[in-house]
Structure formats: C-alpha cells, structure tokens
Amino acid sequence: MASSTVKLDELISQEYRHGFFTSVETDTVPRGLSEEVIRLISAKKGEPDFLLEWRLRAYRHWLTMAEPHWSTVHHPPIDYQDIAYYSAPKSRQDGPKSLDEIDPELRRTYEKLGVPLEERALLAGVAVDAVFDSVSVATTFKDKLAGLGIIFCSFSEAVREHPELVQQYLGSVVPYTDNFFASLNSAVFSDGSFCYIPPGVRCPMELSTYFRINARNTGQFERTLIIADKGAYVSYLEGCTAPMRDENQLHAAVVELIALEDAQIKYATVQNWYPGDKEGHGGIYNFVTKRGDCRGDNSKISWTQVETGSAITWKYPSVILQGDNAVGEFYSVALTNHYQQADTGTKMIHLGKNTRSTILSKGISAGHGSNAYRGLVKVAKSAVGARNYTQCDSLLLGDRCAAHTFPYIEVKNPTARVEHEASTSRIGEDQLFYCQSRGIAPEDAVSMIVSGFCKEVFKELPMEFAVEAQKLLGVSLEGSIG
Amino acid sequence: MLEIRNLHVSINDKPILRGLDLTVRAGEVHAIMGPNGSGKSTLAHVLAGREGYTVTAGEVRYLGRNLLELSPELRAREGIFLAFQYPVEIPGVANIYLLKAAVNALRLHRGEPELDAVDFLALVKDKLRLMGMDTGLLYRSVNEGFSGGEKKRNEILQMAVLEPRLALLDETDSGLDIDALKIVAGGVNAMRSPERAMVLVTHYQRLLNYIVPDQVHVLAQGRIALSGGRELALELENRGYGWVEAAAGQAGGGA
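If you read the sequences in order, they're chains U and E. The opening residue of the first sequence carries number 1 in the UniProt record's numbering; numbering runs sequentially from there. The opening residue of the second sequence carries number 1 in the UniProt record's numbering; numbering runs sequentially from there.
Bear in mind the hints are in silico, worked out from the structure with no lab data behind them. Some clues are possibly wrong.
As the list claims (entries may be wrong) - Covered stretches of chain U (chain E as the covering partner; in silico rule of three or more C-beta atoms under 8 Å from a C-beta of chain E): (1) 430-439; (2) 447-455.
Said to hold, decoys possible - In silico DSS-like pairs for lysine-lysine, Cα to Cα no more than 25 Å straight-line: (3) Lys151/E / Lys471/U; (4) Lys381/U / Lys347/U; (5) Lys151/E / Lys455/U; (6) Lys230/U / Lys144/U; (7) Lys100/E / Lys455/U; (8) Lys230/U / Lys353/U; (9) Lys353/U / Lys412/U; (10) Lys455/U / Lys347/U; (11) Lys278/U / Lys471/U; (12) Lys100/E / Lys125/E; (13) Lys412/U / Lys230/U; (14) Lys459/U / Lys100/E.
Even for Gly, the Cβ is constructed at its ideal location relative to N, Cα and C.
Based on the provided sequences and hints, a complete structural model is requested.
As structure tokens, this is what we get:
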C-alpha cells in the first residue's frame with residue numbers, strides 16, 4: 001500500500017513537472033480543486049454559461065459527499081487536492097521519441113497482439129509526426145457520417161457546435177448528484193466523445209474512439225454522450241485492445257446512452273489499462289459510471305465489456321428500461337490476474353411493460369486476483385410482464401484468487417419473471433492434463449479453456465474485436481500458471 | 001520402443017506400483033489386465049506424464065530416451081497418446097478446435113508446416129467416417145454432453161488423427177455397448193501397424209475378443225504377476241483374478 005501511494009505521488013509529480021517546466025502558464029491549472037479551478041477550466045474551454053453552472057452545481061454537491069467504500073475493492077486513500085484537474089492535451093514533446101524508448105514489456109505485448117507497427121507507435125503515444133495519416137482518416141469518416149446527419153465528435157466540439165443537444169441530454173441519465181465519482185466527473189470533466197444519430201438512420205460503420213486521434217489523452221475524467229434518435233441504430237466501440245500508455249492513476253469517466261423509440265445502441269468496451277506490476281504496485285483505478293436509458297418504446301441498449309486491465313475496475317454499466325418492450329443486455333468478461341481487483345456487474349431497472357433484460361457475466365480470477373460480480377435487477381410496480389435472465393459464471397485459476405457474486409433482486413410486480421443462475425469452477429488439473437496429453441502447451445491450454453469459458457460473451461463483440469479480445473486474454477494470463 | 005525397469009510409483013506416499021517391468025516393441029499390442037486397484041490406470045497415467053504421481057525408483061525409456069524427464073506435452077509430441085477412461089469436458093471449446101491445435105502442435109514439433117483448414121478438414125472427415133461419427137460432433141464443445149460411447153469414440157478419433165507411435169488405451173471398453181465396442185475396436189485395429197505399439201489397459205477380456213493382443217500381462221499388487229498370450233485372458237475370464245493375486249502375494253512375501 002505504501003509503495004502504491006509513492007507511485008501515485010511519483011506519477012502526479014511527474015505530470016506536474018512537465019506542466020511547470022514545459023507548458024505555458026495559461027495551459028496548466030495548479031493542482032487541487034475549488035470553484036476557481038472549475039471556472040478556469042470552463043473559461044479555457046470557452047464553455048457556455050449553462051455548462052459552467054452545471055459544473056459548479058456538481059462541485060457543490062460533491063463537497064457534501066463522502067468517498068464510497070461499500071465494494072470489495074481496497075486501495076490507499078486518494079488525495080483529491082493533489083490532482084491536477086486540467087492540463088492542456090499532452091504536447092508531442094512529452095511522449096517518448098521513438099518505439100525504442102517504450103517499455104520492452106509493452107512492446108512485446110504489442111507484438112503478441114499483432115498490432116501493426118504504426119499503430120503501436122500511436123498507442124504508445126510516440127511523438128512522431130504523422131505516424132499515420134490519422135487526420136485524413138478521421139476526416140474521411142467524418143464526411144461520410146455527416147452526409148447521413150450523424151454527429152460524431154469530441155465532447156468539447158459538441159459543446160461548441162451543438163450546445164442545444166448537449167444541454168438537452170447531458171446529465172439526463174447520470175445526474176451530477178448520482179454518485180461520488182460521477183459528481184466529481186461532472187464538475188471537472190475534460191473531454192470525451194459525443195455522438196448523435198438522427199431519426200431512422202442506421203450508422204453504417206462501427207463508431208470508435210480509435211478513429212479519432214484526439215480521443216487519446218483526454219485525461220482521467222472523460223465524458224461520453226451517445227443519443228440514438230427514433231428508429232436509429234449505432235454500434236460503438238470504446239477503447240482498444242492494446243495496452244495504453246497512461247500516467248493517470250484515477251480514471252473516473254461517465255458514459256450516458258439514450259435510446260429513443262425503436263432505437264438501438266450497442267456499446268462495446270475492451271479495457272486494457274495498465275494493471276500494475278506483478279507485485280500489485282501502480283496501475284489504474286478505473287471507477288466509471290456507465291448507464292443507458294431506453295427512453296422510448298421498443299428501444300434496446302446492449303453493453304458488452306471485456307475488462308482485463310486496470311489495478312481496480314469498479315463499474316456497473318446499467319440500463320433503465322423506461323419504454324414498453326424495451327430490451328437491456330449486459331455481457332461481461334472480467335479478468336483479474338496478479339493483484340488486480342474487479343467489482344463489476346450491472347443494474348437492470350425495469351419500469352416499462354414487457355421489458356426484458358439479459359445478464360451474462362463471466363469472471364476469471366488468476367494469481368492473487370479478486371473478482372466480484374455485483375448486479376441489481378429491479379422490477380418496478382409498473383413493469384407488467386417484465387423478464388430477466390441472469391447467468392454469472394466464475395472461473396478460478398490457482399488457489400490464491402477469489403470470486404464473489406452479489407446478486408440483488410427487487411421485484412414489485414407479480415407478473416415478473418426473474419431467473420438467476422450462478423456457477424463457480426476451477427480450471428481443473430484434469431482439463432489441463434487432457435490438453436497437454438494432446439501435445440498442447442499449458443499456456444495455450446489455459447487460454448483455450450478460458451476462451452471457451454468466455455465464448456458466449458465474445459460472440460457479442462464485433463468480429464475483429466472478438467479475435468483481439470481472445471488474444472488479449474492469453475497475454476493477460478501469462479505467468480498465471482507455474 | 002518402451003522399456004520399463006523396476007518402476008516404483010507412489011501417490012501421496014502410498015506405493016501403487018512396486019517394481020514393474022515391461023518391454024513393448026514396435027508393432028506389438030499388449031494388454032494389461034488386473035483387478036481394480038492393481039495399478040493399471042496408474043501405469044497409463046505415469047507414462048503420459050500426469051502430475052501427482054511420484055516415481056520413487058526405476059526407469060522408463062521410450063525410443064532410447066528417459067521418458068520420465070519429459071513434460072506431458074513433449075511426450076505427446078514425441079508420439080505418445082493416452083486415450084482416457086474418463087475423457088474431460090471443456091465447455092465452449094469446439095472439438096475440432098482442440099484437435100487442430102493438437103495436430104499443429106505435433107507438426108510444429110516435427111518441423112512440419114501447419115495444416116491449413118481445408119487439408120485439416122479432409123483429414124478429419126476421413127477419420128470420422130472410420131469411427132462412424134457425425135460431422136456435427138466436431139463443432140460441439142469437447143466431450144460436453146457426449147454420451148459415454150461418443151466420448152470413447154472421440155478419443156479414438158483423436159488417436160486416428162494424431163497417429164501416435166505408442167498408444168495407451170485406458171479402459172477404453174468401459175461403458176460401451178457391444179455395437180460401440182465393435183466400432184471402437186475397428187478403429188483401433190485399423191491403426192495397427194509395424195511401426196506402432198499399443199498398450200491396452202482393461203479389466204475385462206471382452207475387448208480382447210475384438211482387439212487381439214500379442215501379449216497379456218496381469219498386474220497384481222503393483223507389479224506384473226503373470227504374462228502370457230491371448231489364452232491367458234480367457235483363463236482369467238474363467239477363473240477370475242483371485243488365484244493370480246494369491247500367487248503374487250506369496251511370491252511377494254517370499255522375495
């Protein structure tokens with residue numbers, strides 16, 4: 001714990017040194033949080049008054065809240081006054097100058113994942129001009145999307161270009177009062193992604209932050225807002241499968257999804273932030289609030305997540321099923337190795353008639369990893385004919401890891417049908433030996449068995465993502481068997 | 001091909017094999033018989049390299065090498081195959097996927113290029129017909145929801161595809177009805193060749209009506225108490241194992 005704190009200090013002070021020495025004074029806000037800091041952030045971004053007011057309300061509310069400690073995760077205290085809440089996007093001089101300067105371990109992982117060379121450089125934040133022509137790539141996509149009336153841009157740009165949409169939807173799913181980290185995010189969020197699909201439009205490609213180079217280094221307080229108008233469809237991919245070089249310790253992002261009548265949103269995440277070293281030092285705290293609102297009848301929101309990174313993952317991508325016949329889905333694979341901790345799951349809130357939800361959670365624990373599924377299925381009195389099916393499976397590798405399942409079920413309507421199934425298994429010596437006796441190396445056998453365990457979730461991912469996720473599991477499990 | 005000298009094996013300090021000797025040459029089929037608990041399955045598992053067994057004395061040489069220092073996967077790549085008594089289920093992993101990974105691991109070890117999907121499928125379908133199995137079985141999860149007979153046939157299918165030099169069949173006949181037994185035995189017989197040796201571990205002589213062994217050994221109290229030809233198995237069927245055990249007990253006491 002002590003060394004973890006030291007690491008945190010180290011990382012933050014590094015950030016500070018850069019800011020102090022290399023940035024122009026006006027690009028950096030001193031560490032600490034106050035109304036002045038928030039006003040400064042808002043002013044620097046040239047935000048309209050409504051947003052500043054919203055940030056300030058969030059901040060004032062946050063001051064009345066206490067950091068939550070109800071989950072199974074443990075971490076040293078976070079000093080919120082010791083974080084720099086705004087620094088201009090990292091300048092290119094800050095990054096490593098070439099791939100040779102990057103941690104060999106990280107480079108090896110890129111190679112294993114088969115990430116193309118130029119992308120490796122991009123992911124690692126190498127300061128090479130025109131690593132590939134990302135700007136033109138982004139523009140090509142943007143033109144095509146704009147032709148369909150789709151808005152896909154950074155959050156800052158959306159605030160400038162489409163303030164009416166931002167004002168209408170921001171905080172309408174995750175209010176600034178929602179929870180400690182969401183309030184903090186609302187007060188200080190730096191940037192993120194914005195997406196609006198107009199009525200009846202089916203977005204012709206998977207939208208991904210990956211295509212938008214400026215989505216990198218948006219900092220630790222990211223905000224994403226996706227709106228699918230009536231009858232619209234969008235599939236959104238967040239993150240990428242190769243580990244990101246990142247210096248921030250605390251990530252408190254907020255994602256809001258809104259699906260109007262007959263609309264459908266698929267949101268897939270492959271999260272592979274720095275998990276800390278093998279002894280459990282360092283790594284990202286990924287404390288994220290993700291929620292979707294099926295606001296219209298016959299709407300559908302589906303979350304798919306593959307969580308293999310971060311020292312601590314603490315998140316519950318949820319769906320509020322307001323519209324009649326709305327459908328919510330949650331497919332999750334969470335893997336913890338070494339000293340990683342994950343407390344993740346979902347909330348399905350059934351309000352509309354004949355709403356349906358499916359939860360499929362696969363937790364894998366290896367090393368000293370700890371993995372908890374925590375989920376709430378709530379059926380309100382109004383939700384006539386609601387149905388839920390939940391399945392939580394845990395897989396243990398070795399005997400020093402842990403798996404927990406905390407299902408919460410609240411049913412207020414007698415016509416509801418709620419099913420819950422849970423299982424815990426261990427990768428058996430006999431499964432391993434069976435594969436070995438067919439000539440397959442133990443490492444390959446484990447990754448084969450784990451992939452098999454996750455298959456039902458992987459098939460919800462877009463094809464190329466699924467392939468990479470599978471490889472990623474193999475890499476993440478390295479060293480998990482003796 | 002396989003030479004076992006004075007092999008002593010314990011599980012949790014409990015001696016199971018106590019001075020076992022066995023020589024198997026290429027082209028031969030040996031049957032290891034014996035009562036429950038005599039150490040038949042232990043022998044098969046020790047040869048395949050399963051953990052949890054401690055070799056306290058003796059040696060095993062396979063193709064002139066010390067077999068006991070090889071990992072299980074290396075033994076497999078060197079041509080040893082164990083058909084399991086209780087084949088293991090691996091949910092979510094397609095049968096064909098496991099098979100392909102195994103074939104390519106072996107090919108890689110021999111310095112051969114990996115088989116592409118088309119060639120691999122052609123090879124498997126050929127063997128599938130031999131075992132009277134349905135193509136659908138290839139795409140189901142390994143052994144999951146398979147009937148007892150399907151599991152055993154699947155083991156022999158793997159053996160047919162991997163073409164081992166030394167095949168160890170652990171109670172392959174258990175749980176099979178007579179039709180399934182004939183198919184499994186047919187698959188095994190089709191694989192008999194001058195280059196390949198087989199060791200059948202079985203409790204009943206029934207299997208040996210269909211797979212005729214060159215030699216039959218009776219295991220009692222951790223060593224081979226009696227060896228003979230095919231007729232020994234028939235005698236065992238008539239007289240049971242009691243007399244062999246009694247004789248072994250006396251011999252053991254006297255030694």
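Here's how the hints hold up against the structure:
no.: 1; hint: 430-439; result: holds (count 9)
no.: 2; hint: 447-455; result: holds (count 7)
no.: 3; hint: Lys151/E / Lys471/U; result: violated, 29 Å
no.: 4; hint: Lys381/U / Lys347/U; result: holds, 17 Å
no.: 5; hint: Lys151/E / Lys455/U; result: holds, 22 Å
no.: 6; hint: Lys230/U / Lys144/U; result: holds, 21 Å
no.: 7; hint: Lys100/E / Lys455/U; result: holds, 18 Å
no.: 8; hint: Lys230/U / Lys353/U; result: holds, 19 Å
no.: 9; hint: Lys353/U / Lys412/U; result: holds, 13 Å
no.: 10; hint: Lys455/U / Lys347/U; result: holds, 23 Å
no.: 11; hint: Lys278/U / Lys471/U; result: holds, 20 Å
no.: 12; hint: Lys100/E / Lys125/E; result: holds, 13 Å
no.: 13; hint: Lys412/U / Lys230/U; result: violated, 30 Å
no.: 14; hint: Lys459/U / Lys100/E; result: holds, 21 Å
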